[in-house]
Structure formats: C-alpha cells, structure tokens
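Peer 1: Okay, here's what each chain looks like letter by letter:
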Amino acid sequence: MSPRRRIVSLVLCLLAASTGCKKEQPAATPPASDARPSSDKPTVGLVLGLGGRGDHAFNDSALRGLELWAAGVKYEKGGYQQASSSERRSSLEPDLTARAQELDPLGITPVVLQSRVAEDYEPNLQLLAEQQVSLAMGVGFMLENAVEQVARRNPKLPFLLVDSPLLDAQGRALSLPNVRTVIFREEEGCFLAGALAGLVTKTGRVGMVGGMRIPLVQRYEAGFRAGVAATNPKATVLVNYTGSFTDFALGKQVGQDLLLKNTDVLFAAAGVDGLGAIQAVKEAREAGRSVYVIGVDSDPSHLAPQAVLSAVLKRVDLVVYEAIRDQRQGRLQGGNLSLGLREGGIALAPVRLDFPGRQDALRTVDALRARIISGELKVPLP
Amino acid sequence: MLEVLHSLLFSTLDAAPALVFAALGAMLSERAGVVSVGVEGMMRTGAFCAAVAALVMPTPLAVLVGMVAGAGLAAVHGFLSIRWRSDQVVSGMALNLVAMAGGTFLLESLFGPNGTPAITQLSRWNVPALAHVPLLGALVGHAAPTYLALTLPFAFHLLLSRTPLGLRLRAVGDKPHAVATLGLSVSGLRWAAVLGGGLMAGLGGAVLSTAVLDRFEQHTPAGLGFMALAAMVFGRWTPLGAFAAALFFAFGNALRIGLASSAPWLLELVPQGFLLALPYLLTLLVLALQGQRGHAPAALGTPYEQESR
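Chains as they are written, first to last, in numbering that gives the first Met the number 0: chain A, 0 to 381; chain B, 0 to 308.
Honestly, the hints are just simulated from the structure, not real lab data.
Backbone N, C-alpha and C define an ideal beta-carbon position, used for all residues, glycine too.
Fair warning: there could be bad hints in the mix.
Said to hold, decoys possible - With the C-beta cut set under 10 Å, the calculated list includes, among others, these residues of chain B facing chain A: (1) Asp13; (2) Ala17; (3) Leu106; (4) Arg123; (5) Asn125; (6) Ala137; (7) Gly140; (8) Leu207; (9) Gln217.
Just need the whole structure built from these sequences, with the hints factored in.
Peer 2: In structure tokens:
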C-alpha cells in the first residue's frame, strides 16, 4: 500500500466511523445486570433525529418510552443497566402517574441509532430492517421521507413515525399499511403556555424563542399568541427565530435580546437552542430580574429550578411505548393518529414556582384546558 | 432606537469572545505556516475539559485547564504536521473527528448524555447603577472573557508587529528557509505557534462551557471553529483583522436577531431566510469590496524540509 493510499483509507475509516451511523448499543450485548440473554427478546429499533441523545427534549422523550418504559433499562456509562421500578415510577410526570400500572415493561431489547447528518436517516432505518427488528421507529418530521422509502422497501416490517404524516411529492398526506404515523396538536399545549405567560407577565411583554421557522414551530407560535391574547389581550408578544435547533449560543443570544426588550416570560421552543434561552433567563434572574421561561417537549426545570415556570410536554415517550405495546399485542395498524390535550399526548408540566396570583392563574389555565378538551375552544392554526 | 442599539451592543459583546479567541488561535498557527483546520476540535476539547475541571476546582482555574487541553490536541497536530510533515488539512480534520466522537464518548461514559452537571459560571461584572444607562449599560454585565477578548487582539498585534519573536513567527510562515539560514529553529518556532494557537482555541472552547453556558453541552462548539477560520481569512491573517471579523460576525447575528424582535413588520416584507443569511451576505459584500489580493502566509501548509527549495 502506497503511503498516499494509506492516508486516503485512514481518512475514509475515520469518516465512516464518525459520520456514519453510530450504533450506541449492539443488540447482541446483554445488559450487565440482566440474567436472561437479551437475544431471546424481540428487538425494537429507534433512529434518533439530529439533536440526539441528551437533547432534553424530543429524542430523550422517545428514548424514555423505548428504554425505560418498554425495555425496563436505563442508559448509563455507555451501556444499559436494569432500571428499578422506583426509577421507572419517578420518571412519570403527574399527568401520567394515574396510568403507571399500564406502563409495564414489554420484554424487548432496544436498538438505538444516532443520526449525525440528515443523510444518515435512510441508511440507519434500512440497517434496522436488516437487523430484523420487530418494529422500526423514527422520531422527528425530518425522517418522513426516509421512513416512507424504507417502509416501501420492507412492506412486512411495521414502522412508527412520530411528528409527521407520510406525505407524497405534492405534500398531500398518504398512508401505508405498515406505517403508523403520529402527529400532535402542539398548539393546544402552547395555547395553555401562552395563557399562563399572559397571566404571569408584569411588564406586559412576553417573548418566544423559536428554532427553525418551519410550519411545526409556527403552529407553536400561533397557539402561544392565541393563549396570551386569551388571558392578557393587551400584552405584546415578541417572537424571534434562531434558525437552528443545535446551537445553544445562538439561542442564548436570542433570549438575551428578548429579555433586553423588557419581556419577562419567555417561551423557549427551539430544541438545543432553547437550552441557551433558558440559560439567558437563569442569568437574568441571577442579576436580579424577575423573569421566567417555559420549555417544550420535556420539562427542563432541573436545569434552572428558579426560572422554569412550566413546559409544554409532548408525550413522545407515551407514543413510542404504545406503539411497541400494540405491536407486541398484534394490534399495530397503519394510519395517522392525532394527539392533543384530550388524548394525553400533549400536557402542560406542573407549575412548581410561586408567583403573585398563582392560585387564580392556575385556575384560569385549568378552565381553558377543560374548554379545549371539551371542544368548546378551538385553538387557531397559522 | 437606543434600546435597539443597546441590545445590539450587549449581544455582540456577549457572544463574540469565543469566536475572537479561536480566530486569534487559528491566526497564530497559520501565520507560522501551519494550517489550523483543527480549531473546532481544539475548542471542543477545551470546552469539555474546562467543564470537567470546574467540577473540582474554581472556574477560572478550570478555564486554564481547558486552554491546556486545547494545546494538548494542538500538540498532536504539531507532532503530525511538524515532526512527521503530514498533510496539515488531513491532520486537522482527523483531530476534529476525534474530538467530536471522543467528546461524546467521554461525556456519555463519565456523566451520561445530558451534559456535565452544572458548574459555577464565571462571574459577571454586574454594575446595577450602570445597567440601565443606555449604551453604557451594554458594556457591563459580561464575564471576564469579554473584556479579555477586547484587549488580547491588541496584545497579539504588538507581539507580531513589534517584537523579534513576532518577526520570526511571521518569517517562518513566509520564508522558513530564510529563518533557518539565520540559525533559528523553524520547527521550534512553529511548535510555539501551534501550541499557542491551541491554548487560544482551548480558551475559546472553555468560554462556551463556563461563560456562555454553565456546563458542557454535547453539541459544543456547533461549527463555531469553522466560523473562526472564516474570521481569520476574512481578517487577512492579522490579529486586528481577525478580531474585527469576529466582532463583525457576532454583530451580524445580533443585528438579524435584533431586527426580528424590534421590527416584526420587517419579517412581513423580508423573508426569514434572508435575515438568516444576512451575516453571510454582509461577508460576501465586504470580501467583494476589499479586492482579491492574496494575504495567506506564503509557506502556509508546506511542511518545512531543509533540503527542499
């Protein structure tokens, strides 16, 4: 091998190792404390979106449904450990504690593939099909095309796509018999977040930090604006998009900008960028301002306990768990599901902070929630 | 109007330091003739090590640890490109990949994927009396790196243009053989520049996890290292130029953020995508206006071999 060729092959190896699929847990490795060989259990595959494990949001929620709830394991120190039932129970937020007995482990082994770039989605899904998983799942609307392609190629394998219906080239929804798609009516949760923000604000200005300005996030915006208008019609809503989902420094810059413009409640709906916005609020609090932040997807209150007012929870974990359960019971069918406050797919995280007028504010928000669930109140779409 | 300018200034000053340090680091290494594509990886290493160190020691010390870690990765680059004369771009890219995957691996095996535990942030210089004064108030409320980033480029400028060492560093990037004929060590000077560049890139990374955030987040630095390279090129491989370019990028971002929230009606007229592209459009404009003279060091990317001519 000539030196040059050696260098080229070295680079190719590095590229393959880092940009290709990163397999976090080979299906054949049994968890350390699990006596039964896991190869006996059926495997369920999950392809993560770009934010990946540790995004405190969408992907982590899907992983909770797959690993902690369906498989009964936790990912720690680079491998799976058996999770105790108390750990499982403590992962249930108040909107789910009533259903705790329904969320028993399903005896499956998870296979999780991380995607580094959008081009990884399709090969990762195809890899799952070749690994003969019993169910292949993709979380994130950006996987729509990849799921459709791979599902057509593997008509016997069931798929779950979270956050988008299947779309044809003209953008019309279509359905495949082996693909369940789930979408959320996020605007309902965002409406409640906006209502809460409108009740909490003292300056009469509330802000929203969005990620990319895509139809999904614009639905968040529409719901949030309508919610603010419902409880505080005079309030000004400042909305700013970062244009990314992976850059916390940018999110912080946007958050600081909104705070400097005298907003005192921020709605951070921007993936990893949202973490930066939460940091901006946390620092503003430390500098003595009374400001709050509302998160999305999963509750970020452990990051800034003094600053996080609430969060619009998107129960991706529940959707993932239920798809696995239905598949185990042979009830998984193709088609599209739409989940909102009524179905428990969207929820508002408990408000843990105290603020003036808390009781009344929470009562108002509860009343609005009831009106949305009963269908009396329709949350507008953009 | 004043409110808009105030927040523009504050935002620029708060976001720029990491970019300024990394651009200075890349500039130092490249002025001595060693391509510095690995800045992104060095920043990531610095950010990670600083956050881990801050768990057990005061944060300012942890920043130093982050700098040393950045220099450690730069030492690998130096070893490959100076000692073994390998392709400097390949070596730098390989280090980026190693730092990318290694950072994730270490993070997950030491702490789990959600980032390191929270650390004590570098303290901010809050002056409540000034905070509400328009414009002047935007100068306070930042952490130490901001003020360092405003002074260090001038120190680098003096170093490169007014000291014998600076002359030698520049010479080794342009005509290493001339330096060698004076009895100076080409590889010694290049090593100094590469390690110095690593320290600066490590500092840039450390700023991200100790001042911008209060922990290491797994996407750090999310492409900022490549922005720093762009700032260096844009600044014509000079300290003050790189400084101005880094400030310009940060300002461009701040501008489009500020415009979007202060003038929402603008979004009705101008598509969002245009605003997102604004910093880059401004860059293109300035590049077009400043002409096309090459400014890269003459021996950039060429390993030094005594026998070569």
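Peer 1: Against chain A, with CB atoms and a cut of 10 Å, does the hint on Asp13 of chain B hold up?
Peer 2: For Asp13 of chain B, the interface hint holds, since the closest Cβ of chain A sits about 6 Å away, which is under 10 Å.
Peer 1: The hint names Leu207 of chain B as touching chain A; please verify it with the least Cβ-Cβ distance against 10 Å.
Peer 2: holds (7 Å)
Peer 1: Please verify that hint: Leu106 of chain B, Cβ, nearest Cβ of chain A, below 10 Å or not.
Peer 2: At about 8 Å, which falls below the 10 Å cut-off, the nearest Cβ of chain A leaves the hint on Leu106 of chain B intact, so it holds.
Peer 1: Should the interface hint for Ala137 of chain B be scored as holding, given a Cβ-Cβ cut-off of 10 Å against chain A?
Peer 2: For Ala137 of chain B, the interface hint holds, since the closest Cβ of chain A sits about 9 Å away, which is under 10 Å.
Peer 1: Restraint: Gln217 of chain B near chain A, CB-CB cut 10 Å. Satisfied or not?
Peer 2: holds (5 Å)
Peer 1: Let's test the interface hint: is any C-beta of chain A closer than 10 Å to that of Ala17 of chain B?
Peer 2: With Cβ-Cβ at 7 Å, under 10 Å, it holds.
Peer 1: Restraint: Arg123 of chain B near chain A, CB-CB cut 10 Å. Satisfied or not?
Peer 2: holds (7 Å)
Peer 1: Would the hint on Gly140 of chain B be counted as holding, given a Cβ-Cβ threshold of 10 Å to chain A?
Peer 2: holds (7 Å)
Peer 1: Going by Cβ atoms only, is Asn125 of chain B closer than 10 Å to chain A?
Peer 2: holds (6 Å)
Checked against the numbered hints listed earlier, the structure breaks none of them; every hint is satisfied.
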